[in-house]
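Colleague: From the two separate chains plus the hints, produce the assembled complex.
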Amino acid sequence: MDRLTSNDGPLTEPSLPDPIPTLIERSEPIDIVVGVLTFNDGATAPAAARGLIEGFRQYAPEKRVLVVNCDAGSQDGTPDLIEHAAGHDASFWAVRHAVSGSSLHVLSESGVPGRDAAIRLLAAVAERLTAKVCLIVDGNLKSAHPRWSELLASPILDKGADCVLPHFSRNRYEGTLTNTLLAPLTRALYGKRMTYHQGGAYAFSDRFVRSLLLPQPWDEEIATYGIDGWVTTLAAAELADVYEAMLGPRLRQGKPMGDLSTIIAQSVGCIFHMMERYQSTWEPVTGSKTVPMIGEPAGLGEPVGALHVDRMIHGFQQGLRDLVPIWQIVLAPDTFQQILELGIDDADSFQFPSSLWVQVVYDLALAYHDRLLHREHLLKSLTPLYLGHTASLILATRALPGKRMEEELERVAVEYETMKPYLIQRWRWSDE
Amino acid sequence: MMSTDPLWYKDAVFYEIPVKAYADGNGDGIGDFQGLIGKLDYLEWLGVDCIWLLPFYPSPLRDDGYDVADFLTVAEQYGTFQDVKRLLDEAHRRGIRVIVDLVLNHTSDRHAWFQESRQSPQSSKRGFYVWSETDRKYEKARIIFIDTEKSNWTWDPEAKAFYWHRFFSHQPDLNYANPEVQQAMLDTMTFWLDQGLDGFRCDAVPYLFEREGTICENLPETHDYLKNIRRRIDASYQGRILLAEANQWPTDVRPYFGDGDEFHMAFHFPLMPRLYMGVRSETRDPIIDMFTHTPEIPPNCQWCLFLRNHDELTLEMCSGEERDYMYYTYARDPSMRRNIGIGRRLAPLLDNDRRKIELLHSLVFTLPGSPIIYYGDEIGMGDNIKLKDRDGVRTPMQWTMDRNAGFSGCDPAQLYLPVVADAVYGYQAVNVESQKEAPHSLLQWMKRMISVRKRFPAFGRGTITFLRPANGKVLAYLRRYDDVVLLLVHNLAESSQAVELDLTAFAGTTPMEVLGEARFPTVTERSYVLTLAPYGYYWLDLTLTPSDGAYGIEQMVL
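Chains A and B are the protein sequences, given in the same order. So the number in the working numbering is just where the residue sits in the first sequence, counting from 1, plus 280. So the number in the working numbering is just where the residue sits in the second sequence, counting from 1, plus 14.
Keep in mind that the hints were calculated from the coordinates and are not lab data. All values derive from a computational prediction rather than experimental measurement. Just so you know, not all the hints are guaranteed correct.
[Stated by the list, open to error] Distance ranges between label pairs, derived from CB positions:
1. A/I624 to B/E531: 28 to 38 Å
2. B/W59 to A/G623: 30 to 40 Å
3. A/L653 to B/D19: 43 to 53 Å
4. B/T228 to A/D602: 54 to 64 Å
5. B/K154 to A/D602: 52 to 62 Å
6. A/D360 to B/R533: 28 to 38 Å
[What the hints assert, rightly or not] Here chain B is said to cover these stretches of chain A; the calculated rule only asks that three of the stretch's residues, wherever they fall, bring their Cβ under 8 Å from a Cβ of chain B:
7. 455 to 469
8. 540 to 547
9. 586 to 593
Built from N, CA and C at the ideal position, the CB exists for glycine as well.
Next up, chain B with everything else stripped away, as it sits in the complex (with noise of 0.2 Å):
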């Protein structure tokens, strides 16, 4: 049974699943939903509440389905609209919502608008993009994909002009000065809503609009805009929900919530990689530093928090000298490197250590947000950093130790990208079968982790406040909602540290571990001392019960 509480999204897991690399239905070597619905008891059983679908649109794939030639049909090799529809009542039927990506800002060259617009000035749809005599307008607004893009601007021999892109120059911007373009994209989410999806992450929002003399990225027109379909989401729609892509700083995405009026939520960019400075460096304080600049939002939104996605790990939101550590700790070698980041998977960038990965996912799981996973990190797969682009992230789901992982029935030379192979990563070692069969097994915990997630609100809904022990390898922090207080402590340190809390104002309780459920010693008027295992974290529940001596008579009833 689905939720039907309207803030859902609050306390969801989230799955982030390319449906070409998740499961092959028709054995032609690429994912699809007839694969995908396949293994949606897979993603029950594992307690996830809403999945997160890349672009499955038609597309040139030059930029992994990013750059959309159809917004309202189904690419070929992925299967039918009747298949979309297929999935969405299934995962309904199992309690699990869907949201796919929803490119706002751009189409591919190969779209019929473009195609139509290019055509000549008079073309209907020539107002659909941007176009300009000059490449000289807007120069204040930054190149995004530095690698390889050397200009917003790219001449359109057809067109004879520029038009405008802020990411590949085969994805020309939308125009949304133009009204008709507005609509266009109001008509292409209710579109999907009617079918009965459940919201979308809506790519590259900063940059629906352009204005000279700004660096044209969140113009208060945008946010206009997106107030504007919220409104019109709201209006005929329960429950759905919109995802913010916007790689900015938390001051910046800020305006994305409004009032509890634009987006339900937003991606928390900075965050994630200040979580591997935090451990790599054995101090809290760039995880805190981090939450210090994050702004208060509406009661109604949520922060969406990850660890890894298909993209590169940005770098973007970090200070020189913040990149060249996370460069020289997590990507020594120039090949690992993508545009402004790290195009690895989390358990290679964590040298496949078990106690780094579960710290990671603890603290995703319990900083505030709602946690999204990346497909395959459940199981702690590799990556191929020899495949181009990012393509090294996305390879093949590992489900079995048969052949193509499981994934696919094909001749392996088929695939859309090969398997992960080597010795460590490879889909002989790693693999759903094998783990869902090992009671100890990455997959096992994490199941278990999002299934105690859930029995707390409070990771989803509660206030956040750390705590400052005298230890800065200790990163401690207490979330409270309605009468609940938990107490996380994580040992981002990897030899073992004691900590000294003051937990004064708990004294009487009696935390209970939640994961074990053990009790610990009873907190007092004195420093409460906990030593964790390198690596370690606790969740601690500090929530008062009747057996805890609190009340002041425990040790005179009789």
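Here chain A stands alone, though its shape is the one from the complex (with noise of 0.2 Å):
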């Protein structure tokens, strides 16, 4: 079923830069085109490019290629040198997106600030062009292969895709606030087990391009820090014909994404102001389907540092010293007295239940739902219990085999599901 029928309504491109204008009426046609998000990336952002161009000579030479760098005002002559790694194989424009001020301090997962803007103006670009698939990459990636570009293109000119969500090869503990609720709450609440791997290459039809375009996001907050989540729920809540290309590591070069409370609320918000928009569509979801994948499991994920459950732990306890307050509010009776109740536990035998984490998401997506609390206080709240989950999930992990832990993780995922008429319920006690 193709729910993409939206796009019928009202786009609103934003303002092309010059001489964008220019270059897309003097464009010959192109079919594919591929952003390149960059600030600062001059080390990575060109082999990244070449690498895309040259799969696309390997997988599709009759394709046009347009290559668009969207570089937010790099110091490091990035867009020069990306010019010059794509070559004459590939035509190559360059634009600077808009920053605006308040997002120079928004770091996302590209490190990119003004990200929205920037893929924004490419799906512009590419619906002006009419081109089958944009095709986006963020450019501190160190790990873009040629192989890249079939893996992303093909299910859109092969299979009619409307859209393909990157799957990376991932170590054990990478991604763990992804793994046990942004992923699992997404399959919960639309029924598609998508592996919510935020960032790092996506691409789009021409038809998921207008969706792209109308008006929401755009204007609100949630753009300019949620993009990636706002794409990934889009592609899951419209019910659009999704794959996920399994690009093996997602190796980056370093940038610094923000503290913790932060990055959890921006994530977690995103997909609670989505809940808003989507509840009509969420609501009737029972049970989830897996999404079709292509490419095979490859390499392994970003290295690991030393993990600290005893300072997790300690987080978490401090959360119940500091937010007590806070959570007496936005937590339902009964969750909040199990809370209280883990406090008591010592950091050796220290267990926060997965299904106690799962009736914490949903208490706070109601209570986010219901404005209980300044939102942002309400989700920074969520971090010493991430925390402790996260904590509890490594303390009861770490000695078993990694199937063990994909095990566990499914559990928790079933969980959200299990426990999704929880959440429904309340949720129309609150509309009424």
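Modeller: Here you go:
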């Protein structure tokens, strides 16, 4: 079923900076737009762009490829370096996307400020050029490979998919927030078992591009810090034909992403925000289905350093000391009571049951919906609880084989689905 | 509300007040209890937890009240017994405790006990003092007031005998070898505790007993008696404290804490001049050395730290070389010297340099112990070195720019001492009223620092670990208590300094500057570099918070 009908509405194309309109007018037809998002990524972006161009030469040499570098104002000559790397095998445009004052302080997964504006700009360029595929890749990736071109574009070009999301090889404890909240919550809500790996690389069909250009969420704050979550949720909720491409590991040139509570607030806030928008979509959904996958598992995830479980438990216990008044407001009495009881455990026997964790997440989603507190405070109060659950998960699985870890995460995901009526029931009460 | 914690004194900020110098309630030119009661709101506003009152007992005032003529009443010029009780009630209502000076070692020669004692060898009070037919006993005991006293013995023509005194000759020492004296002073203490006093600052405690062949200081029998006092207090009173004045090396003061069963607190005398030395010589060594020589004390005990008090800045616990250095750097004018020390207030000692005043306060607020602020130092009051003895640092508190600094409505000629009126420190320029109005005044800074200090029990109760960065002009140490770790960094130099600190044990922590709640760069496995303004300081909280990058998952949660 194709729900991408909403793109019949008015599109809100961003104003394209010079000389892009002129270039579009003069451009020959383009099949594939490859957008490279950069901010001082001279060390990695040229190789990434070159690799994708090479990949298209091998996979679809007949396709006309345009590389568009959306840069946030690099000081290291990134656009010139990419242009040089692209050579004559693809057309190349460079554009500096808008970066508002506030977004300078918002570092996205890619480390590119104004990432939402860049994606919107690329979508607009792709739409104006009537490209079949708009492929977007982060310039800070060290692991971009020529085969990504085919993995990302072929589901759209060959199988009529609307959106191809990345599926990266990961180490056991990489992406704990994604694995214990973002992905399973999205799965429970929209019925799609997506890995919810944000950023890195996407491919969008022309139809999906049009839906990206709908007014929402561009005028909302959510776009500034949650564009990746928005894209992923859009793919899940609009019931588009979604694929996941197994791209191997995602190795990045490190950039600070901000403090933990901000990352949590932004990523979880995006999902909660979208729950309001898609309430009628997710309410009737029961169960879940896998999404089609392309590619083969390859490589290992990003290296994981030392994990300080004791500090995580300490972080949880500090939350118990400092945030009880907030938790008392945002959590259901039964949830709150169970959380208080966890504070009695010593570090060695610390256990934060997954069922309780899911209950916490659903309570917070309801509190967010009901605006029981300033939303940022509410979301940041999740941080110690996340630390507690993560610590518990690590304690329970670190001596087990990797397969058992996957089974544990599957149990968490099933818990979200099983407890979804808890969410729906309370959500309805609150709406009444 | 007063804290019910029996260890309240470990977190408290103390404030020293001579009643006569603080506020005059009846307009006679002398401060009194009525005036002091009127200033309790100010002390509460400032954040003071406990006030220490200098002696207010009847006295001929030849040693500013430390020559007590009657332990059980109140000097007429300060008010009545009822005034004291009202002060206690009003202070307690504001959450402020009150301790008072108790001069255990001696009395005034006007005290009834001495008058009766000198009358005849058969007097019932004869044994209350140490009499001798010769002045050749206890010759190993040093003379403390060397600039006024030639001997520890003085001939009394009426008694026709010599009497023993460790301080002024008009202050005969009580004879603690006499059980009646022991009981009489115990009764004195319980009398005041029954009125609601929260404890005593016990004056000159090392000298209570004498024994031939010794220096007559710190004798075991003294400790036995003090332990007896403590037992009596603990048995009948809750939350009362004993604070020892023992101008001794820390190792010699240590026995006064006993096993936590003698004094609750004691002044750390030798540290004080070394704080001044450290700043003037721009090196942390004197300060760290002093802590190296400071033994552990029982967990229910506490050091009292101070920068100045009603006496001279004592240099008794300094070597000859150190003393010369202090005189050279802080008292070149001989008229500034008193006994073995310097008779100046804090602000003039530090050239009225706000940066140095803040720096030294930051040190006494953050080193192990409870700070005591000497009245007027919170506004940077000056002194008058032309006044005799130690009166130069005991001038009226400067409340306003009005007549007599707002201290009294009397004719200025009637004041017990003239107010400071010079161009720099005069009451027109330095007073509470104007500094309360100025948001960045020293007074407002003090209030803020006291308030911040109270947020962290680590200052009063935590352990200390000195860091040893290569830059010796920077004094840095960690204070730890429970899960809290504070990093205190002080630049002792008058030039900007950079320092590299080894904080690898805290890698991943994001230090929070607690005064401004500003986040500093996250600590990594590499040296942590800080730059400090001249005489600058940082109070940094290294305690892990959920937002710190210290869990190993921060950069890969998504």
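Colleague: Now, for every hint given, state plainly whether the structure supports it.
Modeller: Each hint, compared with the structure:
1. Between A/I624 and B/E531 the beta carbon distance is about 31 Å. The supplied range of 28 to 38 Å therefore holds.
2. Our hint of 30 to 40 Å for B/W59 and A/G623 holds, since their Cβ atoms are close to 37 Å apart.
3. For the hinted restraint 43 to 53 Å between A/L653 and B/D19, the CB-CB distance of approximately 33 Å leaves it violated.
4. Under the hint 54 to 64 Å, the C-beta atoms of B/T228 and A/D602, about 56 Å apart, fit the expected range.
5. As the Cβ distance of B/K154 to A/D602 is approximately 59 Å, the hint placing it in 52 to 62 Å holds.
6. For A/D360 and B/R533, the Cβ-Cβ distance of about 36 Å falls inside the hinted range of 28 to 38 Å, so the restraint holds.
7. For the segment 455 to 469 of chain A, the stated coverage by chain B holds: 5 residues have a C-beta nearer than 8 Å to a C-beta of that chain, and at least 3 were required.
8. Coverage of the segment 540 to 547 of chain A by chain B holds in this model, with 6 residues showing a Cβ closer than 8 Å to a Cβ of that chain against a need of three.
9. Remark: the segment 586 to 593 of chain A is confirmed as covered by chain B, as 5 of its residues place a Cβ nearer than 8 Å to a Cβ of that chain, reaching the required three.
The structure fails to meet hint 3 from the earlier list, while all remaining hints are met.
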